[in-house]
Amino acid sequence: MNWLAGIGAVTIGKLSSFGRATLMLFGAIIAKPQFIKNVPLTIKQIYAVGVQSLLIIVVSGLFIGMVMALQGYTILVGYGAEGSLGPMVALSLLRELGPVVTALLFAGRAGSALTAEIGLMKATEQLSSLEMMAVDPLRRIIAPRFWAGMISMPMLALIFSAVGILGGHVVGVDWLGVDSGSYWSIMQSTVDWDKDVVNGIIKSAVFAFVIVWIATYKGYDSIPTSEGISKATTETVVYSSLAVLGLDFVLTALMFGIE
Amino acid sequence: MENLIEIDNLSFSRSGRLIYDDISLRIQKGKTTAIMGPSGIGKTTMLRLMGGQLTPDSGDIRFKGESIPQMRRKRLFEVRRQMSMLFQSGAMFTDMTVYDNIAFPLREHTSLSEDLIKTVVQLKLQAVGLRGAAHLMPAELSGGMARRAALARAIALDPELIMYDEPFAGQDPISMGVLVKLIKALNDALKLTSVVVTHDVTEVLTIADYIYILAEKKVIGSGTPEEIKNSDSPLVQQFLQGLADGPVPFHYPAGDIKQALLGSNS
Amino acid sequence: MNSRKAEILVGGFVVLAFAAGLMLALKVVNQNMAGQAETYTLNAKFDNIGGLKVRSAVKVGGVTVGRVDSITLSPKDFTPVVSMSISKEYDKFPETSSVSILTSGLLGEQYVGFQPGFEIEGIENLSDGDFIEDTKSALVLEDLIGQFLFSKGQ
Numbered sequence: 001m002n003w004l005a006g007i008g009a010v011t012i013g014k015l016s017s018f019g020r021a022t023l024m025l026f027g028a029i030i031a032k033p034q035f036i037k038n039v040p041l042t043i044k045q046i047y048a049v050g051v052q053s054l055l056i057i058v059v060s061g062l063f064i065g066m067v068m069a070l071q072g073y074t075i076l077v078g079y080g081a082e083g084s085l086g087p088m089v090a091l092s093l094l095r096e097l098g099p100v101v102t103a104l105l106f107a108g109r110a111g112s113a114l115t116a117e118i119g120l121m122k123a124t125e126q127l128s129s130l131e132m133m134a135v136d137p138l139r140r141i142i143a144p145r146f147w148a149g150m151i152s153m154p155m156l157a158l159i160f161s162a163v164g165i166l167g168g169h170v171v172g173v174d175w176l177g178v179d180s181g182s183y184w185s186i187m188q189s190t191v192d193w194d195k196d197v198v199n200g201i202i203k204s205a206v207f208a209f210v211i212v213w214i215a216t217y218k219g220y221d222s223i224p225t226s227e228g229i230s231k232a233t234t235e236t237v238v239y240s241s242l243a244v245l246g247l248d249f250v251l252t253a254l255m256f257g258i259e
Numbered sequence: 001m002e003n004l005i006e007i008d009n010l011s012f013s014r015s016g017r018l019i020y021d022d023i024s025l026r027i028q029k030g031k032t033t034a035i036m037g038p039s040g041i042g043k044t045t046m047l048r049l050m051g052g053q054l055t056p057d058s059g060d061i062r063f064k065g066e067s068i069p070q071m072r073r074k075r076l077f078e079v080r081r082q083m084s085m086l087f088q089s090g091a092m093f094t095d096m097t098v099y100d101n102i103a104f105p106l107r108e109h110t111s112l113s114e115d116l117i118k119t120v121v122q123l124k125l126q127a128v129g130l131r132g133a134a135h136l137m138p139a140e141l142s143g144g145m146a147r148r149a150a151l152a153r154a155i156a157l158d159p160e161l162i163m164y165d166e167p168f169a170g171q172d173p174i175s176m177g178v179l180v181k182l183i184k185a186l187n188d189a190l191k192l193t194s195v196v197v198t199h200d201v202t203e204v205l206t207i208a209d210y211i212y213i214l215a216e217k218k219v220i221g222s223g224t225p226e227e228i229k230n231s232d233s234p235l236v237q238q239f240l241q242g243l244a245d246g247p248v249p250f251h252y253p254a255g256d257i258k259q260a261l262l263g264s265n266s
Numbered sequence: 001m002n003s004r005k006a007e008i009l010v011g012g013f014v015v016l017a018f019a020a021g022l023m024l025a026l027k028v029v030n031q032n033m034a035g036q037a038e039t040y041t042l043n044a045k046f047d048n049i050g051g052l053k054v055r056s057a058v059k060v061g062g063v064t065v066g067r068v069d070s071i072t073l074s075p076k077d078f079t080p081v082v083s084m085s086i087s088k089e090y091d092k093f094p095e096t097s098s099v100s101i102l103t104s105g106l107l108g109e110q111y112v113g114f115q116p117g118f119e120i121e122g123i124e125n126l127s128d129g130d131f132i133e134d135t136k137s138a139l140v141l142e143d144l145i146g147q148f149l150f151s152k153g154q
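Residue numbers (the working numbering), protein chains in the order written: chain S, 1 to 259; chain X, 1 to 266; chain W, 1 to 154.
Please note that a few of the clues may not be correct.
Unchecked claim - No farther apart than 16 Å at their CA atoms in a straight line, the calculated lysine to aspartate or glutamate pairs in the EDC-like style are these:
id	chain 1	residue 1	chain 2	residue 2
1	W	Lys-5	X	Asp-95
2	X	Lys-218	X	Asp-8
3	S	Lys-44	X	Asp-95
4	X	Lys-217	X	Glu-108
5	W	Lys-59	W	Glu-7
6	S	Lys-195	S	Glu-117
7	S	Lys-44	W	Glu-7
8	X	Lys-118	X	Glu-108
9	X	Lys-217	X	Asp-8
10	X	Lys-191	X	Glu-2
11	W	Lys-27	S	Glu-96
12	W	Lys-45	W	Asp-130
13	W	Lys-53	S	Asp-192
14	W	Lys-27	S	Asp-136
15	S	Lys-37	X	Glu-108
16	X	Lys-43	X	Asp-158
17	S	Lys-195	W	Asp-69
18	W	Lys-45	W	Asp-77
19	S	Lys-231	S	Glu-117
20	X	Lys-181	X	Asp-200
21	X	Lys-74	S	Asp-136
Don't read these hints as lab results, they were simulated from the structure.
With the hints as constraints, model all of the structure from the sequences given.
So, in C-alpha cells, the structure goes:
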C-alpha cells in the first residue's frame, strides 16, 4: 500500500503546486493589472532579460546559421540542389531553431536568473518587506518580469532567425559559392510570412509564457535557503527546457502537421 | 491604557508542529513592548501573525479593535500602511540606492512631488544619521548601517506601529547602542508603538515598558522590567541570567545516552 | 541615470528586433502574392497533377504571376481541378492560353507553367472564374519509364 500512497502524495503535491502557480499568475497579471505604473519597471526588466540575453542569442544564431549552411550544403550539393540552401536554412530557423533554441538559451540565461533573483529576494525578506509595506509583491515583482519575458522572447527569436539567415549567407554564398541571387530568391519563393514567420513568433510567445511562468513561480515558491534556491534554479532550467521541447512538438503538429 | 493590538487565545502550528498554544498578549498604545524568548520558538512568527502574513489556527488578533485574520486583502493592505516592520536582515531592496529605498513607500503610497519626497527622505535619513549615505547601494552598507537605513524606511510613512525583528542580533556594541538609542528616541519623539522581538536581555530591559517572555509555546512571564527582574519563575530567571541548563534543558529531547552508545542489550 | 541607460538599451533592443522583422519581411518572405496585391481566380482541369501542391507558383516564362489556391477533385468526372489566384496586374491573358504542370529542375518542386495564347480578333481575355481549356498534365516519372521500356521492347 505504501507505493500507492506514494503515488497519491506525489500527485497531490504536483497538483497543489500547479494550483499555487496558477494563483500566483492570476494574482500577478490578471487580477487588477497596473500597466501604466508598471511600464518603467517592465522596461527595466526587459533590459535584464532581453538586452542582457542579446549577445548569447546573436552569437548562437550566427553559429547555428553557419552550421546549417555547411551541413545543408554538403547534403544538397549531392543532388545538385545547393540553390535550395536558402529556404532550407530560413525555414529551419524560422519554424524550429529560432523559437526553440532561443527558448532553451533564454531558459538557461534569463529563466535561471529570474528564479535566483526572486528566490534571493524571498530569502532576504524583501518580498515580506514589500507585503508589510502594503505593496503586492506579485504585482510589483512578478508582473513586470512576466511581461518583460513575454515581450523579449519573440523579439529575441526574430533576431536569432535573422542573424542565422545572415550567417547561412556568409557560409553558403561567401564561402561555399552558392549564388547569392538564388539564395535569396528561392528563399523568398518558399518562405511564407503567415505560415512560417508568424507561426514562429506564436511559438516563441508560447515558450516565453511557459518559461517565465516556471521561472517566476519556482523563485516565488522556493525554500529561502541557499540549497532551496539552487534547487529551484536547476528545476527552472530543467522543467522549462523539457516543457519547451514537449510543447514544440504539440505546436508543430498543430501548425504544420495537417495541411 | 488603550491597547493597539490585542491577541486572544492564539494557537498556531506550522508543518504539523505546534508553535503557539493558546497565547494572549496586549500591546499598549504608545509603549514599547518586548517579546523575548529563546531562539527557535517562533518570535518572528508572532510578528508575521500581527502583520497578517500568517493566519492563526484559532484565536484572534485585533488591531485597533479590528480582527486581522478576518480582514479582506484590500483592508489588510490599508491597515498595513499604519504599521511597519524592521526585518532582521533589513530587507533593503538591493537593486536601488538607499535614497530610493526610503523613497519607495512614499512613491508607492503617496502622490507627493519629488521635491517633497526628497525633503522627507533627507529628514528620515538625518534621524538615523545616514544622510551622507543616501547615494550608496545597500550592499555597500555595514550590517548596522543597513539596519538603520531600513529603520529610516520603516518610519518613512510615519506609521503608528513599528515591529522590530531581532534589531540587535549580530551587532557590535556600538551599533547596538545606536539602535537602542534610536528606538527609544523614535518612540518618544513620534509617539510610536513599538514591538521588539529579541533575546538580548540587557538592551531590552533599558527600552521596554512591558515585557512578555515566551517559551514552550506559552507566555511564561510578563510584566514591567522591574517585575520581570524580580520574577520568581525559574524559567524566567534561567532566561535572564543565561544559564545553560535549567527548566529549558540543554539537551534536545533524546533517549538515554547509555542506551544509544552501548546498545539496548546492555 | 541608471534607468536612462536601461531605457536607451531597451530602445536599441526594440529597434534591432524591428530590423530583424523587417529583414525577414523584405528579404526572406515572398511578398509578391501575400494578400497585398489584388487577385482574380482562374481554374484548370488536369488529368494528373503529379506533385502540385496548394501554394505552388504559377509562372509565365519564369515570372511568378500567381499561386495555386486550391486543388479539388471534380465530382462529375473525377479529374483534379486546380484553381489559381493570379495577380490583377496580369489580367490580359487571352482565352487561348494554356497551362501545364512543370518541374523546376530534376528534383525540384512542381509549378504551373502558364503559356499565354495568341491574341486574335474575337478571342476574349480570361476573367475571374474562367476555366482554361488547354491543359497539359504533369509528367509522372513512372509513366515515362514505362513508356521508355515499352518502346524499347518494340
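Status of the hints after comparison with the structure:
Distance hint between Lys-5(W) and Asp-95(X) is fulfilled; the C-alpha atoms sit about 15 Å from each other, no more than 16 Å. The hinted pair formed by Lys-218(X) and Asp-8(X) meets the criterion: a straight-line CA distance of about 12 Å does not exceed 16 Å. Taking the CA atoms of Lys-44(S) and Asp-95(X), the gap is near 11 Å; set against the 16 Å cutoff, the hint holds. A hinted pair counts as satisfied when its Cα atoms are at most 16 Å apart, and Lys-217(X) with Glu-108(X) does not qualify at roughly 38 Å.
Note on Lys-59(W) and Glu-7(W): the hinted pairing is violated, with a Cα-Cα distance of about 49 Å set against a maximum of 16 Å. Taken as a hint, the Lys-195(S) and Glu-117(S) pair is broken in the structure, with Cα atoms around 37 Å apart against an allowance of 16 Å. Of the supplied pair hints, the one linking Lys-44(S) and Glu-7(W) holds, its CA atoms being roughly 7 Å apart against a limit of 16 Å. Taken as a hint, the Lys-118(X) and Glu-108(X) pair is honoured in the structure, with Cα atoms around 14 Å apart against an allowance of 16 Å.
The hinted pair formed by Lys-217(X) and Asp-8(X) meets the criterion: a straight-line CA distance of about 14 Å does not exceed 16 Å. Among the hinted pairs, Lys-191(X) with Glu-2(X) is consistent with the structure: their alpha-carbon atoms are about 13 Å apart, no more than 16 Å. Distance restraint check for Lys-27(W) and Glu-96(S): the Cα-Cα separation of roughly 19 Å exceeds the 16 Å cut-off, and the hinted pair is therefore not satisfied. The hinted pair formed by Lys-45(W) and Asp-130(W) meets the criterion: a straight-line CA distance of about 11 Å does not exceed 16 Å.
Between Lys-53(W) and Asp-192(S), the direct Cα distance comes to roughly 14 Å. Compliance with the 16 Å bound is thereby established for this hinted pair. The suggested pairing of Lys-27(W) with Asp-136(S) is violated, with an alpha-carbon distance near 46 Å, which exceeds 16 Å. Between the alpha carbons of Lys-37(S) and Glu-108(X) the distance comes to roughly 10 Å, so the proposed pair stays at or under 16 Å and holds. Restraint check: the Cα-Cα separation between Lys-43(X) and Asp-158(X) comes to about 24 Å, which exceeds 16 Å; the hinted pair is violated.
Among the hinted pairs, Lys-195(S) with Asp-69(W) is consistent with the structure: their alpha-carbon atoms are about 15 Å apart, no more than 16 Å. A C-alpha spacing of about 10 Å is found between Lys-45(W) and Asp-77(W), which places the hinted pair at or below 16 Å, so the restraint holds. Distance check on the hinted pair: Lys-231(S) and Glu-117(S) sit about 13 Å apart at the alpha-carbon level, within 16 Å; holds. Distance restraint check for Lys-181(X) and Asp-200(X): the Cα-Cα separation of roughly 15 Å lies within the 16 Å cut-off, and the hinted pair is therefore satisfied.
A C-alpha spacing of about 10 Å is found between Lys-74(X) and Asp-136(S), which places the hinted pair at or below 16 Å, so the restraint holds.
Hint violations for this structure: numbers 4, 5, 6, 11, 14, 16, all remaining hints satisfied.
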